[in-house]
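Chains A, B and C, in that order, are what the protein sequence lines are. Taking our numbering, the leading residue of the first sequence gets 1, the next gets one more, and so forth. Taking our numbering, the leading residue of the second sequence gets 1, the next gets one more, and so forth. Taking our numbering, the leading residue of the third sequence gets 1, the next gets one more, and so forth.
It is worth saying that the hints were derived from the structure and are not from the lab. Hints should not be assumed to be uniformly reliable.
To be verified - Reference excerpt, derived from the structure (chain B facing chain A, CB under 10 Å, subset only): (1) Q126; (2) A139; (3) T215; (4) V254; (5) L257.
What the hints assert, rightly or not - From the derived model, a few chain B residues whose C-beta atoms are all more than 10 Å from chain A: (6) G61; (7) L86; (8) I185; (9) G194; (10) V246; (11) P283.
Just so it is clear, CB atoms sit at the ideal spot from N, CA and C, and this is done for glycine as well.
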Amino acid sequence: MTSRATRGRRVTATALGAAVALLLAGCGDDGGSGSSDDPIVVGISLPLTGDFSEPGKGVQRGYEAWAKITNDNGGLLGRQVELKILDDQSNADRVVADYEQLIGKDNVDIVVGPFSTRLVVPAARVAEEYGMLFVEPAGAAKEVFAQGFKNLFYAAPAVADDHYNHLAEYLLALPPGQRPTTVAYAAMDDPFAQGTAYGLKAKLEAGGVRTVVDEVYPPNTTDFGTIAAKIAASKADMVVGGSQYQDGVNLIVALQQLDYQPKLAAFSTAPTSPEFAAAIGNKTEGILAPTGYTQKASYPSNVEFVQKYTAQFGSPPEEDEANAYTTGQVVAAAVSAVGCAEQGECQQKLVDWIRGNKVETVVGPLTWDATGKPQGAHMIQQWVGGQIQIVLPTEAKEVDVVYPKPAW
Amino acid sequence: MPSGALLFQSVILGLLLGGLYALLAAGLTLYFGIMRVVMIAHSAFLILAAYLAWWSHARLGVDPLLSMVVTVPLFFGLGVLLQRLLLARLRPVTLTMMSVLLTFAIAVLIEGLLGYAFSGTQRRIQLGYGSASLGLFGARIAVVKLIAFGLAAVALLTLYLLLKRTRFGWALRATIQHPDAARLIGIDTDRIAGFGFGVGLATAAVGGTALALDTTIYPSLHWHWIGPLMAIIVVGGLGSVPGAAVAAMLLGLVQSLLQIPLGTTWAQTVFYLALFATLAFRPQGFFGGRLAQRF
Amino acid sequence: MPSASELPAAPRHRLGGLFRAVAILAVAAAVLSFPSWAPNPYILSAGVVVLNYAVLSTSWNFVGGFTGYISLGHGALAGLGGYATGLLVVRAGLPSFVALAAATLLVAAFAVPVGYAALRVRGASFVIVSIALVLILLLVFQSWASFTGGSRGLVVPRPFPGLLRPEHHRVFFYLFAALLAVALLVWWLVDRSRFGLGLKAIREDEDKAESLGTPTFGYKLVVFVVSAGFTGLAGGLYALWFGDLDPVFQFSILTGSYLVLMALLGGVRQLFGPLVGALVVGIGLEYFKVEFGNTPLHLAATGLLLALVVMFMPDGVLPALGALVDRFLRPAQSSIREVTAAELRDRGSGPPEGDRPADPPASVPVGAPDGRSAEERS
């Protein structure tokens, strides 16, 4: 067999080889940018695999639609827009490495945000520390705006806690006899999903509506039997789910299995998905959901977006796609107005411009406060007559709110 | 204070869940008995079977229960191959450690391939009777949960009869209890060990189908199962299939009841607390035979 | 048995030692000068990640290499170190590096009861506890949101708030390099000590070691606590560097499996084995990310690679390759310094060229037809 000395030598030699490999890996650097014929490179890290891959792909389609529509219209500042998309595997370590790579190595001109609140905060910190503008489509939880970021803007009408504002107003305006008196809340342990439910909870509790169940479940929960049993046993007038997609479906099915019939049921995200009705066996009647986007909105850019997106991908856009598109629109507005798009001083000009202006987007006109929080509210949709329709606010409604909701 | 109805409902849910735990823990016990192998990939195969059930329903329109016609023999074959081609070739000196590592690697591999084939999206079988339920003294029992429990119970009973009443079961028990003696009386222990692994993995196929009926599945779900299952086999003491079954029912029930005061997340910790407590104070487990001494 | 053949062997060793010292110095110089020739901050940050892996897998190797007990839960210990550091800074207001030291002690203290439960019985229960550790810590840190921040994450303030990001990377690169040097030095010292000898005896045959009077349980526990301490320290340093902690990523089973893969790949019996493994796997991960961006197969590849290493090269790929090279270049190599029991057994019973993976357990002479080892039956 081998002596220790030779073994050691061999290993150190291999270590040397590895170090050389590292050196070589470091040398493959891309050139800079800035010339007026170069495309404007927009760097994005998205969860294309892992836990957030489904919405991540929606966001990707939204960005791709934006790049295509922008380029078909002649590009930005006469330059074509080029996307550089990396996969962060739904992992915070990776998302940071991705933005380091995009900014430091690939030298992109603009960076925009990833998906999911959990990834937005670490990503935004990288952008902030390199002085880059950071417009993002998916960090809706209030924590995002409490980090002291100066370059961050959320490109959607409202943060999670404000999603149910119209519903809260509507319920509290009901005569005392009709108003729900008890509410059961169940929320996923996720800053966004919890934010929606707790935003409504705070407002209803302030209005004197009692909370009888307050459950938080981990994102990987698959069995909702016991949570549903608790909610059913409380006989609450109203159930509110702070849900993403599948957990909302599971909770509704578990509640139906227990034959629990509330007067009102509101769930975030899940009911707006195209597969929702089939997933819960078409027992959808009366379920409410907030939404920041509707394909039917008459804003000029939205008409163009829905039409061209449908032509490109074969089906109309959903909320994730629209948020990504909105992000693109915000960046485009700033770049056109300021007249530059590269790393360096330009970024601060872009930030200043967005801070001081209103941007017309597919989700309506957007403005932001000093923390980058948008100043709007979400619409409320309800399943009425087998399809999901806008019921609140009154000026935008398609049909009236159905309350109390029929049995499911 | 929770109402009586809620307690009763939780007890029923806990027992239904415990049935599935029991079936899966029985498979793990079997592997350990045969080869002292802690099969980390057991629950990954469980999720694989669940995916196959989901896939056959969603893509082929077949009732998920029918997918077992394929998955059970398939998993039996995989189990035999796994034992004969991989585990039996590890160096005996380091078998315990390396087999854990190898099955861990297989679990990660299955998870990765599932993610590649079906993406990380959560999936759920949409059955016409998905939200149907039966009433029992004021509690509601979902039909799908009842079917899942029935599947687990039938499989467990079959396994018990197979071990106790058949010639193969006799040979397998002999192999587990005293391999040298078994060889002396002419049992081909290698063959039997391979078949034992096949039977163990076939329980994962049944369990996976039962699981797919009523819960969401996603590739990394198996971590959610392997923790509780390992706790169950340690608490049960690794001696016998009945020991694992009792521990499974008990822990399933406790988990379900603890969810009422503690919520879903904290209730899961009961498994790990039971695991640490057992190892620290009674490493041989509470129902186990002599095998557990060397765990 | 002194013979003439030993005479030329001595200078060769001295030469080997010299070469070795030069090689180590060269590697150290390459590592230390890395920040000045790293072309951009991204490469520098990738370097920090790789060094972090190197420290973690070297720490892992205190348990894995000396005792042969394989832990899949060291990712959780690193996560715990990170959270302990972060929480001590955020909640207790300690200065960053005081918090780091305190966190290291906390993790080491935490490892005592865990090790007590896991190491009292022998074999698979240790692995099971190590996996359970990841799962339970994930549950606790996610659920105890009022204290840990839960899924909202925990933001650890920068220890040097004035530094620009590239400078921040540079400082932490040197800190990780220093930590790596300390970890390697301690491993080397243990390797040469009586303590290390006892640990290796446990690895080769725990029953025999025990019957010869080695306090096996105590030894195992001590080395586990040392390993946990280094792991916690590395995790804490990572937290100070990275800044954002999220339970899902801090307590990930994948981290632990990367560490095992790195150590096994490099060879658990060598001082520099885990370091080499970390360089290969760490650079490999980063390279594949840059080149192939969105491949969903990274998990499957990790699993496959781990399975291959376990099946065919349980002593490490690099030692296996080295042995192959040796056989061709120096067929008459004769100086035996340290031969493990397993190696001896292979040489004695298996085919002489050590063709061991193809050896079915049925042919093992100790009469274990089911592949159960002598160690476990006793």
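Consistency of the hints with the structure:
1. The beta carbon of Q126(B) is positioned within 10 Å of a beta carbon in chain A (closest approach about 6 Å), and the interface hint is therefore held.
2. Of the supplied interface hints, the one on A139(B) holds, with its beta-carbon coming within about 9 Å of a beta-carbon of chain A, less than 10 Å.
3. The interface hint given for T215(B) is met, as the beta carbon of that residue sits about 4 Å from the closest beta carbon of chain A, less than 10 Å.
4. Because the beta carbon of V254(B) sits about 12 Å from the nearest beta carbon in chain A, more than 10 Å, this interface hint is broken.
5. Interface restraint check for L257(B): the shortest CB-CB distance to chain A comes to about 9 Å, inside 10 Å, so the restraint holds.
6. Against the 10 Å criterion, G61(B) stays outside the reach of chain A, whose nearest CB is about 14 Å from its own CB.
7. Consistency note on L86(B): stated as away from chain A, and its beta-carbon is indeed over 10 Å from all of that chain's, at 27 Å minimum.
8. Under the 10 Å C-beta cut-off, the non-interface status given to I185(B) relative to chain A holds; the minimum distance is some 41 Å.
9. No beta-carbon of chain A is positioned within 10 Å of the beta-carbon of G194(B); the least distance is around 33 Å.
10. Listed as outside the interface, V246(B) is consistent with that label: its C-beta sits roughly 21 Å from the nearest C-beta of chain A, beyond the 10 Å cut-off.
11. For P283(B), the requirement that its beta carbon stay farther than 10 Å from each beta carbon of chain A is met, with the minimum near 30 Å.
Checked against the numbered hints above, the structure breaks only hint 4 and satisfies the rest.
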